Amino acid sequence: MDALMLFLARQIFVDYEKVQICDTTLHASLVKHHCRLVRTAVKDRPEFKFSGVYCESIISQLPERIYFPFNIDQQHWVGVCIDTKASTVNVLGCNVAFKSYSLMKKEFSPVANLMPYIVKVANGVKIHGSQKPFTLNRAKGVPHIARPADVVVLSILLIEAHAKSGPLGINISRSTRGHQES
13 MDALMLFLAR QIFVDYEKVQ ICDTTLHASL VKHHCRLVRT AVKDRPEFKF SGVYCESIIS
73 QLPERIYFPF NIDQQHWVGV CIDTKASTVN VLGCNVAFKS YSLMKKEFSP VANLMPYIVK
133 VANGVKIHGS QKPFTLNRAK GVPHIARPAD VVVLSILLIE AHAKSGPLGI NISRSTRGHQ
193 ES
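What the sequence shown shows, in the working numbering, is residues 13 to 194, in sequence order.
Hints in this document: simulated from the structure, not taken from any laboratory.
Watch out, some of these pointers could steer you wrong.
[As the list claims (entries may be wrong)] Result set (DMTMM-like, lysine to aspartate or glutamate): computed pairs, CA atoms no more than 20 Å apart in a straight line:
#  : residue 1 : residue 2
1  : Lys30     : Glu59
2  : Lys132    : Asp85
3  : Lys176    : Glu68
4  : Lys132    : Glu172
5  : Lys117    : Asp85
6  : Lys144    : Glu119
7  : Lys132    : Asp56
8  : Lys97     : Asp56
9  : Lys152    : Asp162
10 : Lys144    : Asp35
11 : Lys61     : Asp85
12 : Lys111    : Asp85
13 : Lys97     : Glu76
14 : Lys118    : Glu68
15 : Lys144    : Glu172
16 : Lys176    : Glu59
17 : Lys44     : Glu59
18 : Lys138    : Glu59
19 : Lys44     : Asp56
20 : Lys138    : Asp35
[Said to hold, decoys possible] Here are the in silico distance ranges between beta carbons for each label pair:
#  : residue 1 : residue 2 : range
21 : Arg51     : Asp162    : 37 to 43 Å
22 : Val165    : Ala40     : 19 to 25 Å
23 : Val65     : Ala98     : 22 to 28 Å
24 : Lys44     : Lys138    : 19 to 25 Å
25 : Asp14     : Gln87     : 35 to 41 Å
26 : Ala53     : Gly153    : 40 to 46 Å
Computed from a predicted structure; not experimentally measured.
Just so you know, even glycine gets a beta-carbon here, dropped at the ideal spot from N, CA and C.
Modelling step: build the complete structure from the supplied sequences, incorporating the hints.
Following this line, the structure appears as structure tokens:
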């Protein structure tokens, strides 16, 4: 999967300042930072230091959209888009029945909780107290595919379409926007 993401990052011709394509290690790096942030007292968070290649890259460039693949429970791949301008985490998945919205939110809450801090640091804004987490959106209208081999490829294609065309690339207008599915 990481090799496919590297290939995609080199092949896709989009504005480098607006889009950053990462590999599967981004999620683990953000979760690790989230664990450290949660253990830091609220009064000490303005001095919190982000480290690591991805966090430093995001802070120095602050792209509008950050993409990475994520393997849920070692069973199902999804593409993820962190939109720093809209303050959202968009899950680009092709098997909506695999996880309910509440279980999906549990998977991505560390990312949603951490990103406001990273954006503030990148913009040179001093952090005061707790920050409002990013909203989780789940794309709808994506063709349903259950075969694992096909899901891997479709996840990459969803990332590519979204990176090139934004939300219109996969018709995110029909998505669940921050509310639970029935």
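Each hint tested on the structure:
no.: 1; hint: Lys30 - Glu59; in the structure: 27 Å, violated
no.: 2; hint: Lys132 - Asp85; in the structure: 31 Å, violated
no.: 3; hint: Lys176 - Glu68; in the structure: 24 Å, violated
no.: 4; hint: Lys132 - Glu172; in the structure: 27 Å, violated
no.: 5; hint: Lys117 - Asp85; in the structure: 14 Å, holds
no.: 6; hint: Lys144 - Glu119; in the structure: 17 Å, holds
no.: 7; hint: Lys132 - Asp56; in the structure: 15 Å, holds
no.: 8; hint: Lys97 - Asp56; in the structure: 26 Å, violated
no.: 9; hint: Lys152 - Asp162; in the structure: 18 Å, holds
no.: 10; hint: Lys144 - Asp35; in the structure: 26 Å, violated
no.: 11; hint: Lys61 - Asp85; in the structure: 29 Å, violated
no.: 12; hint: Lys111 - Asp85; in the structure: 10 Å, holds
no.: 13; hint: Lys97 - Glu76; in the structure: 6 Å, holds
no.: 14; hint: Lys118 - Glu68; in the structure: 25 Å, violated
no.: 15; hint: Lys144 - Glu172; in the structure: 29 Å, violated
no.: 16; hint: Lys176 - Glu59; in the structure: 36 Å, violated
no.: 17; hint: Lys44 - Glu59; in the structure: 17 Å, holds
no.: 18; hint: Lys138 - Glu59; in the structure: 9 Å, holds
no.: 19; hint: Lys44 - Asp56; in the structure: 18 Å, holds
no.: 20; hint: Lys138 - Asp35; in the structure: 29 Å, violated
no.: 21; hint: Arg51 - Asp162: 37 to 43 Å; in the structure: 40 Å, holds
no.: 22; hint: Val165 - Ala40: 19 to 25 Å; in the structure: 23 Å, holds
no.: 23; hint: Val65 - Ala98: 22 to 28 Å; in the structure: 25 Å, holds
no.: 24; hint: Lys44 - Lys138: 19 to 25 Å; in the structure: 23 Å, holds
no.: 25; hint: Asp14 - Gln87: 35 to 41 Å; in the structure: 18 Å, violated
no.: 26; hint: Ala53 - Gly153: 40 to 46 Å; in the structure: 43 Å, holds
Checked against the numbered hints given earlier, this structure breaks hints 1, 2, 3, 4, 8, 10, 11, 14, 15, 16, 20, 25; the rest are met.
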